[in-house]
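Trainee: In my numbering, the protein residues as written are 2 to 173.
Think of the hints as simulated: they come from the structure by calculation, not from any bench. One thing to keep in mind: the hints can contain errors.
What the hints assert, rightly or not - With a straight-line cut-off of 30 Å between C-alpha atoms, the simulated DSSO-like cross-links for lysine-lysine are:
#1 Lys94 with Lys69
#2 Lys146 with Lys121
#3 Lys134 with Lys157
#4 Lys110 with Lys129
#5 Lys121 with Lys110
#6 Lys129 with Lys143
#7 Lys134 with Lys121
#8 Lys139 with Lys157
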Amino acid sequence: MSVPGPSSPVGALTRPPDSLEGGEPTPGLSATSPDEGLIEDLTVEDKAVEQLAEGLLSHYLPDLQRSKQALQELTQNQVVLLDTLEQEISKFKECHSMLDINALFAEAKHYHAKLVNIRKEMLMLHEKTSKLKKRALKLQQKRQKEELEREQQREKEFEREKQLTARPAKRT
2 MSVPGPSSPV GALTRPPDSL EGGEPTPGLS ATSPDEGLIE DLTVEDKAVE QLAEGLLSHY
62 LPDLQRSKQA LQELTQNQVV LLDTLEQEIS KFKECHSMLD INALFAEAKH YHAKLVNIRK
122 EMLMLHEKTS KLKKRALKLQ QKRQKEELER EQQREKEFER EKQLTARPAK RT
């Protein structure tokens with residue numbers, strides 16, 4: 002595919018005039034930029050532009066399509082990785098919650114052991130208080146019996162003294 006060069010307009014200079022080679026300035030041209038004014042002078046044919054565009058596209062399009070496909074594959078792989086990552090995060094959360102549950106069970110076991118000990122102590126205290134109540138009842142009964150015996154002893158002594166006291170004899 003041959004690309005024809007731009008055709009020069011009629012009357013356009015294809016090389017600098019002889020007067021420029023000698024170092025003399027040309028009227029109408031600036032000494033600052035040699036390319037100044039070329040864009041205005043350049044005429045481009047539509048066919049040439051189309052052929053250049055086709056050449057540019059044919060050169061870069063396969064690479065761009067491969068890049069697009071590679072980006073699509075990368076995007077798809079990223080989606081898969083994100084899904085996998087979310088699954089792993091949920092697994093870690095489950096493990097963490099399992100650790101929390103295990104800690105709760107350990108704590109419940111600890112408090113259950115405490116409750117069992119308290120119950121044993123309460124039963125032991127109940128037994129001791131029952132024994133103390135029985136002992137107190139026996140002691141109370143013993144004191145009442147002793148008091149009753151003392152009272153009876155006093156009455157006997159009182160009767161004996163009464164009998165021993167001198168009585169005036171009866172006159173008959």
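Trainee: Of the numbered hints stated previously, which ones are contradicted by the structure, given in increasing order?
Mentor: 1, 2 and 3
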